[in-house]
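Following the hints, put chain D in place on chain X, whose structure we already have.
Read top to bottom, the protein sequences are chains X and D.
Here the first sequence is numbered in the numbering used here, starting from 7 and rising by one per residue.
Here the second sequence is numbered in the numbering used here, starting from 15 and rising by one per residue.
Source of the hints: derived by calculation from the structure; they are not laboratory data.
Predicted model, so just to flag it, every value in this text is computed and none were measured.
For every residue, glycine included, the Cβ atom is placed at its ideal position computed from N, Cα and C.
Among the hints, a few may not be true.
In silico lysine to any residue, SDA-like type, Cα no more than 25 Å apart, as pairs [what the hints assert, rightly or not]:
#1 X/Lys303 to D/Met15
#2 X/Lys186 to D/Gly43
#3 X/Lys221 to D/Ile65
#4 X/Lys276 to X/Phe204
#5 X/Lys118 to X/Tyr93
#6 D/Lys58 to X/Val337
#7 X/Lys221 to X/Lys272
#8 X/Lys217 to D/Ile59
#9 X/Lys303 to D/Lys40
#10 X/Lys146 to D/Met15
#11 X/Lys218 to D/Thr61
#12 X/Lys303 to D/Gly39
#13 X/Lys303 to D/Ile65
Now the stretches of chain D that chain X is said to cover, found in silico as 3 or more residues with beta-carbon under 8 Å [unchecked claim]:
#14 31-38
#15 54-65
Derived contacts from chain X toward chain D, CB cut-off under 10 Å, selection only [unchecked claim]:
#16 Asn59
#17 Ile252
#18 Phe312
#19 His319
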Amino acid sequence: MHGNFEHPFIKFIRTMIAQKSLKIIVIYALAFLPLLAFSQEEASVEEVAKEFNATDMIMHHIGDSHGWHFFGEGENSFTLPLPVILYTDNGLVTFMSSEFHHDTEGQNIVEKDGMRFVNYHEDIYQLETGAETVKFDEEKHPVNAITPWDFSITKNVAAMFLTVILMLIFFVSLANYHKKNTKAPSGFNNALEALILFVRDEIAIPQIGEKKYMKFMPYLLTIFFFIWITNLLGLLPGAANVTGNIAVTVSLGLFTLAIILINGNKAYWKHIFWMPGIPTWVKPILAIVEGAGVIIKPIALMIRLFANITAGHIIILSLIGLIFILENAGVAGISVPFALFITILELLVAFLQAFIFTILSALFIGMAVEEHEHH
Amino acid sequence: MELLYVGLSALGAGLAVLGAGVGVGKIGGSAMDAIARQPEASGKIQTAMIIAAALVEGVALFGVVASLLGVLR
Chain X
7 MHGNFEHPFI KFIRTMIAQK SLKIIVIYAL AFLPLLAFSQ EEASVEEVAK
57 EFNATDMIMH HIGDSHGWHF FGEGENSFTL PLPVILYTDN GLVTFMSSEF
107 HHDTEGQNIV EKDGMRFVNY HEDIYQLETG AETVKFDEEK HPVNAITPWD
157 FSITKNVAAM FLTVILMLIF FVSLANYHKK NTKAPSGFNN ALEALILFVR
207 DEIAIPQIGE KKYMKFMPYL LTIFFFIWIT NLLGLLPGAA NVTGNIAVTV
257 SLGLFTLAII LINGNKAYWK HIFWMPGIPT WVKPILAIVE GAGVIIKPIA
307 LMIRLFANIT AGHIIILSLI GLIFILENAG VAGISVPFAL FITILELLVA
357 FLQAFIFTIL SALFIGMAVE EHEHH
Chain D
15 MELLYVGLSA LGAGLAVLGA GVGVGKIGGS AMDAIARQPE ASGKIQTAMI
65 IAAALVEGVA LFGVVASLLG VLR
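Same shape as in the complex, but just chain D:
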């Protein structure tokens, strides 16, 4: 039973990371595109990219913290 909890928590953490990976990857890719198109706006694009990436990451970290609580119950 204990092992099931730990396993499910680890799986949950993995899924959260998967989601964050896709999200941050898309944001980074789009930012690269945008910077390639308009190199002079790179500063503004970077700031917007970091904010968006932080928001995505925040959601993923909710998942990671939830699974950490599952492991350490």
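Same shape as in the complex, but just chain X:
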């Protein structure tokens, strides 16, 4: 060996020790060692208790429910009861979801106004007389129960109300500030103002144009902040998966569609149904394609938001579920940091999806209101 030669690996280790990162890695690895030994003893006990079903766990977490469940199992769980509002043949029926006593298997019957209701996998059925549990035929239609109209304040609706309240607090206070003062606000209001300017300067003006953007700013700001805040709240433990619910994103997509249909000018419709500047025989074919495009644009918006948020939640839950599938607490050493990494990535996705939904809405609105002077 040469005198001063240092093997690259040794050098690497030296720098690592200097940076203390190796130390942290070793401590971390040692911390999880006892868990590896410990977990194998527990595995046999777990097997007897209950078989873990990852799909059920994930679907339960990303789905909507009639109570806001935070933690715990069965009767000992900590659940916020939410009102159940049903429209039946005999009128409106309301009761709290706690009357089901955490039952989602259709066992616990709630009697109201001579009607009996059960909660089967978060769907509420009205049992016919004599029926004790809800039964299904092969196509999963209930045979001895009917489905009432369900207008309940579910977990998702409650979470949406929370977002609405937060938005009202933020923006009403900002608006009140500007009624009284003329100088720039400080602190949190200033941060909000920077975001509002971002929506105006990066989204509205480039996509819709200087002349007409002001009319659409309220809508663009509302969807931007609504999606962003619900996405962020959805990342909290125990929170609802609002923007990962297809019904919510359908509504958001329909708002954009409605605004396009109402504000679309003559030139826009002409370019869809009788495109100028092409041979006449192509025009009907293009009309079909462009006509479908009007509907497909909001559908794409809706699927994009829904799938992105749901996929993010499924990835995090799968990583955590891996610990229970492999029945080994040592796996937590890998899957928890990885889940943390994905969660931090989701913070970025939460903003990006709000941005993309808003910028594409603005783009489609811009296409609908654009002036074609040179035709």
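Showing chain D alone in chain X's frame:
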């Protein structure tokens, strides 16, 4: 039979991801090129890149949602 459905759905999701990967990769690469050529236009290029990437991703997500429906039938 059940396993066949799940397997085909997973394969479909994989193919959708493959397509999106190629698409987003090409968009990102071209945007990098463009920014390297014209650093002063990076803001505009980024916005256009994100929109194009979102459109590609949207198509891929159609595939993923379709395969999810296949698994959870």
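Hint check:
1. Straight-line distance between C-alpha atoms of X/Lys303 and D/Met15 comes to about 36 Å, which puts the hinted pair past the 25 Å bound.
2. A threshold of 25 Å between alpha carbons decides the hint, and for X/Lys186 with D/Gly43 the separation of about 49 Å lies outside it, so the pair is violated.
3. Distance hint between X/Lys221 and D/Ile65 is fulfilled; the C-alpha atoms sit about 23 Å from each other, no more than 25 Å.
4. Restraint check for X/Lys276 and X/Phe204: not satisfied, since their Cα atoms lie roughly 33 Å apart, outside the 25 Å limit.
5. Taking the CA atoms of X/Lys118 and X/Tyr93, the gap is near 12 Å; set against the 25 Å cutoff, the hint holds.
6. For a cut-off of 25 Å, the pair hint linking D/Lys58 to X/Val337 is broken: about 44 Å separates their Cα positions.
7. Straight-line distance between C-alpha atoms of X/Lys221 and X/Lys272 comes to about 18 Å, which keeps the hinted pair within the 25 Å bound.
8. With a CA separation close to 23 Å, the supplied pair X/Lys217 and D/Ile59 stays within the 25 Å bound.
9. Pair hint X/Lys303 plus D/Lys40 holds up; C-alpha atoms about 23 Å apart against a cutoff of 25 Å.
10. For the given pair, X/Lys146 sits about 19 Å from D/Met15 by alpha-carbon distance, which is consistent with the 25 Å threshold.
11. Under the criterion of a C-alpha separation no larger than 25 Å, the hint pairing X/Lys218 with D/Thr61 is consistent with the structure, at around 20 Å.
12. Restraint check: the Cα-Cα separation between X/Lys303 and D/Gly39 comes to about 23 Å, which is no more than 25 Å; the hinted pair holds.
13. Under the criterion of a C-alpha separation no larger than 25 Å, the hint pairing X/Lys303 with D/Ile65 is consistent with the structure, at around 13 Å.
14. Against chain X, the segment 31-38 of chain D contributes 0 residues with a C-beta closer than 8 Å to a partner C-beta. That does not satisfy the three-residue criterion, and the hint is violated.
15. With 3 residues carrying a beta carbon less than 8 Å from a beta carbon of chain X, the segment 54-65 of chain D meets the three-residue requirement, and the given coverage holds.
16. Annotation: interface hint on X/Asn59 violated; nearest CB of chain D at approximately 13 Å, more than 10 Å.
17. The closest approach between the C-beta of X/Ile252 and any C-beta of chain D is roughly 9 Å, which is under the 10 Å cut-off, so the hint is satisfied.
18. For X/Phe312, the interface hint holds, since its Cβ comes within 10 Å of a Cβ in chain D; the closest pair sits about 8 Å apart.
19. Nearest Cβ of chain D to the Cβ of X/His319: about 13 Å, over the 10 Å cut. The hint is violated.
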